[in-house]
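K.L.:
Listed here are the chains, written in short residue letters.
Number of protein chains: 2
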Amino acid sequence: MSAQQESPAMPDPGEIFAAFTAFHRTGALKAAVELDLFSAIAAGATTADDLARRCGAASRGIRILADFLVTAGFLTKEGTRYALTPASATFLDRSSPAYMGSAITFLTSPMMWESFANVGAAVRKGGTVASEGGVVAAENPMWVEFARSMAPPAAFAARLLANVLDAPKAPQWKVLDVAAGHGMFGITLAQENPRAQIVALDWANVLTVAEENARAGGVQDRFRTIAGNAFEVDLGSGYDLVLLPNFLHHFDVATCEAFLRRVRAALVPGGRAVTVDFVPDEGRVTPPVAASFALVMLVGTPAGDAYTFAELDRMFRTAGFATSELRELPPSFQRAVVSTKAS
Amino acid sequence: MSAQQESPAMPDPGEIFAAFTAFHRTGALKAAVELDLFSAIAAGATTADDLARRCGAASRGIRILADFLVTAGFLTKEGTRYALTPASATFLDRSSPAYMGSAITFLTSPMMWESFANVGAAVRKGGTVASEGGVVAAENPMWVEFARSMAPPAAFAARLLANVLDAPKAPQWKVLDVAAGHGMFGITLAQENPRAQIVALDWANVLTVAEENARAGGVQDRFRTIAGNAFEVDLGSGYDLVLLPNFLHHFDVATCEAFLRRVRAALVPGGRAVTVDFVPDEGRVTPPVAASFALVMLVGTPAGDAYTFAELDRMFRTAGFATSELRELPPSFQRAVVSTKAS
Numbered sequence: 002m003s004a005q006q007e008s009p010a011m012p013d014p015g016e017i018f019a020a021f022t023a024f025h026r027t028g029a030l031k032a033a034v035e036l037d038l039f040s041a042i043a044a045g046a047t048t049a050d051d052l053a054r055r056c057g058a059a060s061r062g063i064r065i066l067a068d069f070l071v072t073a074g075f076l077t078k079e080g081t082r083y084a085l086t087p088a089s090a091t092f093l094d095r096s097s098p099a100y101m102g103s104a105i106t107f108l109t110s111p112m113m114w115e116s117f118a119n120v121g122a123a124v125r126k127g128g129t130v131a132s133e134g135g136v137v138a139a140e141n142p143m144w145v146e147f148a149r150s151m152a153p154p155a156a157f158a159a160r161l162l163a164n165v166l167d168a169p170k171a172p173q174w175k176v177l178d179v180a181a182g183h184g185m186f187g188i189t190l191a192q193e194n195p196r197a198q199i200v201a202l203d204w205a206n207v208l209t210v211a212e213e214n215a216r217a218g219g220v221q222d223r224f225r226t227i228a229g230n231a232f233e234v235d236l237g238s239g240y241d242l243v244l245l246p247n248f249l250h251h252f253d254v255a256t257c258e259a260f261l262r263r264v265r266a267a268l269v270p271g272g273r274a275v276t277v278d279f280v281p282d283e284g285r286v287t288p289p290v291a292a293s294f295a296l297v298m299l300v301g302t303p304a305g306d307a308y309t310f311a312e313l314d315r316m317f318r319t320a321g322f323a324t325s326e327l328r329e330l331p332p333s334f335q336r337a338v339v340s341t342k343a344s
Numbered sequence: 002m003s004a005q006q007e008s009p010a011m012p013d014p015g016e017i018f019a020a021f022t023a024f025h026r027t028g029a030l031k032a033a034v035e036l037d038l039f040s041a042i043a044a045g046a047t048t049a050d051d052l053a054r055r056c057g058a059a060s061r062g063i064r065i066l067a068d069f070l071v072t073a074g075f076l077t078k079e080g081t082r083y084a085l086t087p088a089s090a091t092f093l094d095r096s097s098p099a100y101m102g103s104a105i106t107f108l109t110s111p112m113m114w115e116s117f118a119n120v121g122a123a124v125r126k127g128g129t130v131a132s133e134g135g136v137v138a139a140e141n142p143m144w145v146e147f148a149r150s151m152a153p154p155a156a157f158a159a160r161l162l163a164n165v166l167d168a169p170k171a172p173q174w175k176v177l178d179v180a181a182g183h184g185m186f187g188i189t190l191a192q193e194n195p196r197a198q199i200v201a202l203d204w205a206n207v208l209t210v211a212e213e214n215a216r217a218g219g220v221q222d223r224f225r226t227i228a229g230n231a232f233e234v235d236l237g238s239g240y241d242l243v244l245l246p247n248f249l250h251h252f253d254v255a256t257c258e259a260f261l262r263r264v265r266a267a268l269v270p271g272g273r274a275v276t277v278d279f280v281p282d283e284g285r286v287t288p289p290v291a292a293s294f295a296l297v298m299l300v301g302t303p304a305g306d307a308y309t310f311a312e313l314d315r316m317f318r319t320a321g322f323a324t325s326e327l328r329e330l331p332p333s334f335q336r337a338v339v340s341t342k343a344s
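Keeping their order, the protein sequence lines are chains P and U.
Going left to right, the first sequence walks through residues 2 to 344 as our numbering numbers them.
Going left to right, the second sequence walks through residues 2 to 344 as our numbering numbers them.
Isolated chain P, as found in the complex (with noise of 0.2 Å):
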């Protein structure tokens, strides 16, 4: 939509109304991954009739979604024959090795989903309107759900970071990954250093996510688990590294710095704590991905944020770390920060 007015020029609305409705785009995705509409294409059904069969649904139904999945980009179509596009056919066909749908099926929770419904209320009361702390509560489900559907990306991201960490080259480790979740940083550390002995902490209905992953990545012999909290259970010590891979902010400053603490008397000297996580430049407006995350710690929970390297380095030398550094994890939108507690 262009406006096409005397001067002053009208600026163009065009943005804006596409935001006001930006949630439509959100909740076709949904549904399209959720029939595994793309993999159907995939395997052959292009019209809306092959379509609806071989998803379950109503012809109609199929045809209006996959015309807006054309207008949004994700399908390609000629006469009444749809086709994937490059990425859609990478990242949306469940027999891709490169399938991030289900990344979907957590981002658009539920409670996520109510918690952008009211996205005021958090911002008059500066956190989570959410009962029992938002996502940080005891236990939350939502874990699991986090564990079986955000593996994949998990694994892109991790690989990055174990060219970052040098681990194929690497001595012998011992890994404490902390809010492992599905346990694919450690994992993938596991499989690219044969000398790397794992220890994954989380909640116990996570870890059996975790374990699972472990036993499919072939790790399971160089695999342990802590249950439980975080911030009261016994951590271990020894650890080479420890992994901290979109911890930190769920919580406050205060509460990063003394589990931060907990992290150093675990670590051996010279040891490294590992964080991975949306940084935002120290503006924090840039870049969007990273920038833009904080919102998401403002509706879920009581006090998170997206913290800029500046604060994360700050953290880390309150804790008694002795220097931190910033790696980039391109194409990845994480960033890690490598902090090394003296030798």
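Since the hints were derived computationally from the structure, they do not count as laboratory data.
Hints should not be assumed to be uniformly reliable.
[To be verified] Restricting the straight-line Cα-Cα distance to at most 20 Å, the calculated cross-link-like pairs of lysine to any residue (SDA-like) are:
(1) P/Lys78 x U/Asp282
(2) U/Lys175 x U/Arg223
(3) U/Lys126 x P/Arg55
(4) P/Lys126 x U/Thr48
(5) P/Lys126 x U/Glu35
(6) P/Lys170 x P/Gln192
(7) P/Lys126 x U/Asp50
(8) P/Lys126 x U/Asp37
(9) U/Lys126 x P/Asp50
[Unchecked claim] Covered by chain U, per the in silico footprint, the following chain P stretches (three or more residues, Cβ under 8 Å):
(10) 64 to 77
(11) 80 to 94
Each residue gets a CB set at the ideal place from its N, CA and C atoms; glycine is no exception.
Fit chain U to the given chain P structure using the hints.
P.N.:
Just chain U now, with coordinates in the frame of chain P:
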């Protein structure tokens, strides 16, 4: 995010991930409109602390929301000061004559938000899974919300329609505005043509809003109403124009055709029915806003659709109209179809 891979090149998953979280944009913009954040910035509050005081919110909440809006392109940030973009100043500051922020209240009503959380169910069924026919249920209070919040964008489209119909130079008009809602289509024609008499038809609860708007628009002396179900009430007769703004898309073809027979009977010879609607091209995937609107009808109605011009033309011919003509309403997202009864 761009993938740096060996051949074959890995496609970019950026658009897919953006769609997974696109509902965050809607939620953030909805909150900012509720808190009247844009108007507060226009009035001179530019830091998170100032905005928090003026909006009655937590400074931390405002900072995170405003940063998100910068990443989304609706604000700018210099140091700790936020500013409006040309588009947000024009369309989201409540003191701007082109303010359209209220539209998000209707577009993100609880029923809409819930419907888009479960698009899959509507695709399986081929129509809304909401009870009592979804949005077309009798006296649905959402139409009062619609009338209150969608008046500004409708007034914009109505002025474009008045141009297409050459309203200022037109003769005396008797105009029926079907499902008038806010009444802005009829009211605008009355403003542009001082010889026009308007009859607005809608549910009684909705007509209250249209009557307010007619008074505010200074045309109350030429504005009458018919309360009730458009399919059952006496429409009256002798109309030169019958307006069908955003009406036909709620119903199946047979229901539309039956209604259009009633419309034809109410028109004078040579009279015109004027459909203003989301009219996709025949391939149903362009232009994007009109084409994607079909999904709103899938989740919200039993059998509504975004009809192409060929489909509308066929409906009007079946109902006895002589000719139909497609008229563009740039820069609006909508199109007009002007259908003439033989004289």
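K.L.:
Report the numbers of all earlier hints that the structure fails to satisfy, in ascending order.
P.N.:
Hints that this structure does not satisfy do not exist here, as all of them hold.
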